[in-house]
Amino acid sequence: MQTNLAGGHLLRAGAQGPILLGSRCRQCGEYYFPIADNCTRCSASEFESCEIGREGRLWSWTIQSFLPKAPYNSGETEVDFQPYGVGYVEMPCGVKVESRLTVADPQQLRIGMPMELTLVRYGRNAAGEPLHTFAFAPLAAEGDA
Amino acid sequence: MEDIAIIGVGLHPFGRTDGLSGQAQGAYAVREALKDAGVEWHQVGVAYGGSQDGGNADALANHLGLTGIPFVNVANGCATGGSALASVIAALRSGMAEIGVAVGFDKHPRGAFNPKPADWGLEDWYGETGLMLTTQFFALKTQRYLHEHDIPEEALVHVAQRAFRNGALTPHAWRQRELSFAEIAESMPVNLPLRKYMFCNPAEGGAALVLCRASEAHKYSRNPVLVRAAVMRTRHHGSFEVFSPGLAAEQSPAPTVTASHAAFELAGVAPADIDVIQLQDTDSGSEIIHLAENGFCEHGEQGHLLRRGETDIGGRLPVNTDGGCLANGEPVGASGLRQVIEVCTQLRQQAGARQVPGRPRLGYTHVYGAPGVSAVTILEAP
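Here the protein sequences line up with chains A and B, keeping their order.
As numbered in UniProt numbering, residues 1 to 145 make up the first sequence, in order.
As numbered in UniProt numbering, residues 1 to 382 make up the second sequence, in order.
Chain B on its own, in the form it takes in the complex (with noise of 0.2 Å):
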């Protein structure tokens, strides 16, 4: 199977952006990532992308230019990057095109989501009784998860801590004050254990990818970040997802777990040789679960590895070094790009007062989300 690489990364910040609508934060997103390539816009041959709440991603040619080329609308919830990105790479495979472009962007009212239960197959009860709420399902997946492992509570202050430190190193981000322990600890409670600074929050934003076949790349960039795996997976059958009004007797491994277990078959690498790692943080309590079902850790290992800085920057496992979904805010849409782009500053060791230090090789991003997706991908240095 041939290898494809990133040749060219663009992010539009992460936050809020009066006045600018989310296809434009695309659009803008994806002309920087054009810029990084050396690429135009008319040398794109295919391009995959989505949002959630901000139109359809194939408008962003009315910003880009009109140049017939297929572009496909994704609408994975979470996992739209991931999905972008795996058809990008597919497309390019196939011969289709020399170049393609992944893009997503996302512009979210203020606020929690508020989905209709029509629209996920649920009856109009479960809403109208205050059920259908992301914030409790995070809360309530996390609250038996820290039961069942015996982790302390103090380790979800310990997650939101190290993304706002993060964030404060980073300079796009949209969080960039650093939080003390007590400032989280004694926040608000939104749906316990989880409180005000453990959540991030719904966001704008825009995150676009130009790739191409490896043994092309040097063609386009000094810098070329290979894509050695890129899976998106769903559920199965007694998976813990959001809006259940019922679980199955019997739990199944999520989505997570088969998404990260195949893109390290795909890779050849084991979870030790990775050497910085972005992971869902929706919430602390969904990152604590990710660092074990991604394979970092074992079940229940996470509450040592938090309080002894194992997953700060200059850690043995560095976590969502731009200070993740928690100080950038989630566009959903665009989320899972973030991630990559943020491992492919590291690895080309661009990454400035965050970098990771000894030259990371091998990258990892992961992505978690409604209705029971996940998407992983496994990026190796220049």
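So here's chain A without its partners, still in its complex pose (with noise of 0.2 Å):
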């Protein structure tokens, strides 16, 4: 996987890309993202670990389009930032994962849409390094490419 990965525990290398890890809960089965240990549904706190997955639908989304202070940390300032778009994508287990897209232009966002997990560069640390973490993309529907 990428070096400087935020979030990088949160993943695993898949044969088609990233898989996004959660926990479940060893009581009551309720799933987590990101890996918990208590479980704020029944109050026990024995999990196992699990996959979330990597594909989804996309649940809600806005667009960022102001330049977030500290702790964001994408090296960008006010002249070069660049909008991204955010969203919650419904995984399989029913969990809704925050996560930035790959996409930030309105037109080609709507909610329903499938998504897949890829990884993004979102900026650069003092050292000029990039800086790398998860983002969900539209999936191409089949016959699209």
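There are no misleading hints in this set.
Mimicking DSS-like on lysine-lysine, the simulated pairs with C-alpha atoms at most 25 Å apart in a straight line are:
{"no.": "1", "chain 1": "A", "residue 1": "K69", "chain 2": "B", "residue 2": "K196"}
{"no.": "2", "chain 1": "B", "residue 1": "K219", "chain 2": "B", "residue 2": "K35"}
{"no.": "3", "chain 1": "B", "residue 1": "K196", "chain 2": "B", "residue 2": "K116"}
{"no.": "4", "chain 1": "B", "residue 1": "K116", "chain 2": "A", "residue 2": "K69"}
To spell it out: a stretch of chain A is covered by chain B in this simulated footprint if at least three of its residues, at any positions, have a beta carbon under 8 Å from a beta carbon of chain B; those stretches are:
{"no.": "5", "stretch": "72 to 82"}
{"no.": "6", "stretch": "95 to 105"}
Facing chain A, from chain B, some residues (calculated, C-beta under 10 Å):
{"no.": "7", "residue": "E128"}
{"no.": "8", "residue": "L140"}
{"no.": "9", "residue": "H147"}
To be clear, the hints were calculated from the coordinates, so they are not data collected in a lab.
Even glycine gets a Cβ: it sits at the ideal position worked out from N, Cα and C.
With the hints as a guide, dock the two chains, each given alone in a separate frame, to form the complex.
Below is the structure:
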């Protein structure tokens, strides 16, 4: 996987790309992303690791149109800031995962559209090295490509 | 259970007051409230208060007088004022004091809030990658809500338009200029579907109430306002709250819903009985959601209500008659008590150009905010 990968411990490399990891409550079966150690549903604290997956459907979205303050660390300034998409993606287990999106064009985003997980470069650190994180991209419909 | 009444209200106008600390604005509000009640600070037997960024409330005693009373610091985010009020009411009912003060104040830096992930039990990557913004949360929640309930985006404009129209009628409001539909609809996108004029700004200000047992209220005030309910609630598992890297598979009702139900039950009244309403409007979308969550309409009905002007001052459901957070800004610690003060002003028939017609008898206030808290009051006219 990439170096300088924010949230990297929440991912596993799969054959087709990164896969999100989460937790499942051993008592009530509730799924959690990110990894959890207390169940806010049933108050238990025994968990097993699980995979949340790599494909889901867009549940909500917005466009981040202004440069966030620290702790945002993309290294951008007001002058070179690039707006980015943010959304919740509903995964097969029902959990909605908050994530950056690879597109920031409202015309290309619609609730319910299929999405897949990927990695993106979102900035550079002080040493000039690229910073990466996970993001969801619209899944090309079969026949589109 | 003994009834409690509000006998004095005091506000330090919200907005920006350079050179005056948050605590000084809180102390100003307390003095105004004491003056309104006709009592002296040394008669006050208990006080609860708080701020988010303005320091400790008990430091107000350094401004008001060190009388040795129990002065409790409250830190409940957006529900700080509501929690302080509920606590004063409980203290007065218990008999621990004759007169109590609830106060909230704040002084936030300019621009959006920038919380630290560790303070919220979150890992650094969540803030570093640009996911930890309150404006994003409100936008994501609004986007989903409009989609689920088929509400047109123009409703977001109508909320802001009414807020600034009411602000223009309110002498102490921060924003007093009416804005046209186009000015709002075409303003800069912040987090779509929400734009610049659909968001309130962090601000400064102070708000205070003086309370006593209702049976004693006429000793101090010609027009005491009865507190029929003051309730604070926190979130359940599955509610959609700010700073959530993941949401549960099944959604549960927001803390607003549980606080609202509890308040109506306690007061023994229904949403249809309420004559004047304050709803948390950190952004246009939140107010739309809160109209239904508090029981004032069905989910999805908001677009029509707003288009027909039913939430205007002369309408069936007058909402945010002083312009709400949109026109007054949001000093987090003070905001909930500003709502109570506005409803008291309306119930006392002292609201001037923005007075709701027809002698409103029952009023309602609602705050909601991080990390998933809500406070509701139901108030009755003198």
